[in-house]
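K.L.:
The lines below spell out each chain.
Protein chains: 4
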Amino acid sequence: MVQGIANWNTGQTQEWLQQYVDDWVAFYRKHTSDGEVASYIPVLQQADPDDLGISIIGKSGMTVRSGDTEIPFTLQSISKVISFIVACMERGVSYMLNRVDVEPSGEAFNSIMHLEMHQVEKPFNPLINAGAITVSSILPGKTSDHRLEPIYLLLEQILGYRPELNVEVYESERDSSMRNRAIGYYLLETGFLESDLNVTLETYFKQCSIEVTIDDLARIGMVLANDGMDTKTGEEIIPRQIARIAKVLMLTCGMYDASGKFATYVGIPAKSGVSGGIVAAVPPRVREETMPFTDGCGIGVYGPALGDKGNSIAGIRLLRHIANQWDFSIF
Amino acid sequence: MVQGIANWNTGQTQEWLQQYVDDWVAFYRKHTSDGEVASYIPVLQQADPDDLGISIIGKSGMTVRSGDTEIPFTLQSISKVISFIVACMERGVSYMLNRVDVEPSGEAFNSIMHLEMHQVEKPFNPLINAGAITVSSILPGKTSDHRLEPIYLLLEQILGYRPELNVEVYESERDSSMRNRAIGYYLLETGFLESDLNVTLETYFKQCSIEVTIDDLARIGMVLANDGMDTKTGEEIIPRQIARIAKVLMLTCGMYDASGKFATYVGIPAKSGVSGGIVAAVPPRVREETMPFTDGCGIGVYGPALGDKGNSIAGIRLLRHIANQWDFSIF
Amino acid sequence: MVQGIANWNTGQTQEWLQQYVDDWVAFYRKHTSDGEVASYIPVLQQADPDDLGISIIGKSGMTVRSGDTEIPFTLQSISKVISFIVACMERGVSYMLNRVDVEPSGEAFNSIMHLEMHQVEKPFNPLINAGAITVSSILPGKTSDHRLEPIYLLLEQILGYRPELNVEVYESERDSSMRNRAIGYYLLETGFLESDLNVTLETYFKQCSIEVTIDDLARIGMVLANDGMDTKTGEEIIPRQIARIAKVLMLTCGMYDASGKFATYVGIPAKSGVSGGIVAAVPPRVREETMPFTDGCGIGVYGPALGDKGNSIAGIRLLRHIANQWDFSIF
Amino acid sequence: MVQGIANWNTGQTQEWLQQYVDDWVAFYRKHTSDGEVASYIPVLQQADPDDLGISIIGKSGMTVRSGDTEIPFTLQSISKVISFIVACMERGVSYMLNRVDVEPSGEAFNSIMHLEMHQVEKPFNPLINAGAITVSSILPGKTSDHRLEPIYLLLEQILGYRPELNVEVYESERDSSMRNRAIGYYLLETGFLESDLNVTLETYFKQCSIEVTIDDLARIGMVLANDGMDTKTGEEIIPRQIARIAKVLMLTCGMYDASGKFATYVGIPAKSGVSGGIVAAVPPRVREETMPFTDGCGIGVYGPALGDKGNSIAGIRLLRHIANQWDFSIF
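Protein chains in written order, with the numbering used here: chain A, 1 to 331; chain B, 1 to 331; chain C, 1 to 331; chain D, 1 to 331.
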């Protein structure tokens, strides 16, 4: 490893880190051919499967970016974390935890079966579709735009700009996602939904279609890593308790059916989406002093070629490599 | 909170901490009446439901103990962590991860259904019974005593003494645990078992019946918190990678069907057993300086009155309280 | 039993039979209090739980009717048999059997779980909702009224008049049946539906809402008992093969989760609906000569108080009694 | 079809029928190559996959036999019908129906999942393994030989000789059937078993290993077709109610996961075993006078090459052909 570096957490080491990350991105880009671009929403298929990019932002603001860093993509399932945070902020944590459980499900993210089989009192967790749609139904507001407003406001506070809806993706989701409508009607029948189903699904499809970049994801990850506080001002953007719960859910349920393996091999809270994005939050660690980003960092990854569990295949391998090299695990 | 304490991690603060913990144990002891002693093994029913005790051992050796600290109890499911660690040490991590997955299951710990329903290639994780019995079949040795030997040796290295088998509990388990035999034969048919079923079950029942105290659990937790190293000598007792995986599994699957809630509300790797024991590993944290045990600690809890998910009901609440007060969460 | 009757199958014995049936209806009417009127569609709750009526029509035309014989009610699930028959007539038997299986499911009639769990290639059978909705999607016609036309025509041919839609029930079903919409979207996603979902569900809800009387059901049952032929003219109304398959499905899957028990205790092909109707088809039997209706008969029952499996509670007990008295079992 | 035959049910027509059946067996023997001999018990693999034989015995005693008629084979799952009948005779029908349900399960015959998933109060039916093992536990007698005695006695009464145990098959089953032991221990834990598990499994494996021929099966089928009465003496061998229930179960659950399709395409109560045997009971029918065996008949088939559902592949097709030609359907 790189030697003679007194303190990794300063800007002066950035170029050293940059070299490593460039190498690793170049190496793992070859792995994109092991995956395939998502096909369940037609418009997602237009992504370039060879793309791979990463952005790492430390508490000090030090940023290492490499690969395809400028490509916008939609949040997809990553939005589930944001909407759950916003719902907790709007409605209170205990209100939300009474309506959505926080247990890993062991079933596919789009399963209806586990709801029926277990005769559950509430969806298993807010990161499976049944839970996320329930969350979207609890967001206050009569229209989907009203419900999305606090999501946009939170993102604007974190990102410094107001992200936009990718209308084409939204319309593609809205028109093609029959399984989510099936889940929605099931939830409606069981009484889990708190508001009109159409508005709820519109909200859900829109939140999935918000467009971001890996820098945006890295900033979101950094705020979560920093327990919800702005890294510069120390201001609370997300209440600490809510930021913590979000990280727990990301660790236990964030990577679909591979969440346990991701926790085992990478060991950091992260959430992926079928667009190929991954957001990760690395909390401050007490580790060997020669490691970078010990004050915590946020990571954004984009790599639309997905593995069989629906996560960016090269993105996961890249994260695993970096996490092992720099000892990012929270365990 | 307690003020004017420059450094919580010294012996001189121990009496301050002791006061708090005594208060909390007294308070949560009343909660034991919300639970019930395990009934599935007859001999476990003899435990006193009012018992509650805790032992916390820091990296420096500072120890805070309170309540019923001297009562011996059997490891039960806590042994699943130990046997998985030992199997990884004996067989190698990749060998083991090819035979047992590391995903939360969303099903009851003693479920056979999920094996059949998902036509799994391997049990979901080593902390459900199907996974633990598979692990017991992989431990080297022709007899159960041979297989248990490295478990005893590891425990002896951590505890400083060789714990003993509670023969009465063992015989009670062996003779009454029909569900585990059902699981065993199912695993035998699917080809998951690597050795004779009777020896495997004997091994499994024996490892569950090893007798410990809360101090023992706290020591085990401390070694895990310290990434497998002896806190005094720095010697590697458990390889770091294996200690980390053990902590991941404890966090994601350690508290039966309440693992997600425990991670959310407490946020530390822990494993419970139906005897009422809980072992927890608190890794070093970067937190406010006024907090104790920032170098990490191990915790042992005993409280045989169980909640409906099979975890010590007062024990969980006590842990939650302490973790929140002292900011133990790894997130 | 009644004695001295040379030939039960003549009109002259009708008054003897009438006496018996009147007694039995009076007796089993008391059993209505063991059940409850269906609540899942609001308008069905308006039915009088004390109602009980039966109509038995023999091949010769001999009719025995008793109890509440004039009350109109909607077909509900009984329509599944009719629409399957019509779809087979319109599309061919092998076409249909490629799209819907004929296996009992062991799950609730409105289960989605079994579709997901078994990753089925087609719904288990046309008498569960998933199968029936699939059948409704296969009926030819661009609008629901076009699709219903051959159903009305078949019913008109059997009943001698064109039954009517109960608009209030239809609208109630359409607006309240969220589970069926969930099933519909699930089927849409899996590619089982052959046509527009809204038209399909409209068709399904309308077919369920066709209003009949017990005499109508008895006539339908008689035509099925007579292998699809008009009892007077011998004309083929339903092809024999299709009539036979309908009877098989009624026997194996016709009474929801109690189909096996109904086959065991009663032993005749029958289909119930949540409105409280039951249609039964008693094929000609070779039995002791002193039994009535050995040439076969059709039976219509109405009793809106349902047991816990969704079948008319008094209706089933009445049918069981009659079937045992008159040896109606096909086994 | 054959013409000019006044009465099919006489010996004089036997040679006409023989010609047909010989042709059909020759034709369907080619279909044996579409299947495979059972492999789950090693000794069953020794069967010759090309074998195919059928025996049809009418009420009058008229017998038509063709193909490989002399090969002995073991009852396997066919024994489930016999043991259920015997248990009903020994314990009473209502006692048995309180302990085993009579509903088709929709799951594989050797499923444990459905027991756990549905938290059933009793196994779904006596023809799945869980139900059959429960039945074996209810048979009176402290040893397996005591329990088998009434089974042997019933068979002796029907067959005219006492069949023998195939010890090699029995030992092979006993030593290799891990799934059945898994089921057994599951049943033991849930409290469904009424007696010692080892004796129960021994009984079950032995009943499966009783050796018969197709003539034997045809005789068993004939007695069931005749409502339990000896065709010559009219003596009751099996009470009528029990014979009827057996036929219901055979029709609804007798052909594993293909029971519904068999009922649809063939329409007669039948039970298959993995050894390749099928017993069928054709009750008396009111059908066109030119059909043979209208007084009912019993059929035994042997064809060890199995289809993917575990039934004799050529045997089922042969039965379907004959049933359609001679209109055997009970519907």
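Warning: the hint list may mix true and false statements.
Treat identical chains as interchangeable: a pair holds within one or across any two.
[Said to hold, decoys possible] Below, computed lysine-lysine pairings styled on DSSO-like, alpha-carbon distance capped at 30 Å:
#1 30 x 142
#2 232 x 59
#3 309 x 232
#4 261 x 30
#5 142 x 122
#6 142 x 59
#7 309 x 30
Calculated from the structure, these hints are not laboratory results.
K.L.:
A separate judgement is required for each hint: does it hold in the structure or not?
P.N.:
Hints, verified against the model:
no.	hint	verdict
1	30 x 142	neither (47 Å within a copy, 46 Å between copies)
2	232 x 59	within (8 Å within a copy, 33 Å between copies)
3	309 x 232	neither (37 Å within a copy, 43 Å between copies)
4	261 x 30	within (22 Å within a copy, 39 Å between copies)
5	142 x 122	within (23 Å within a copy, 39 Å between copies)
6	142 x 59	neither (38 Å within a copy, 54 Å between copies)
7	309 x 30	within (19 Å within a copy, 44 Å between copies)
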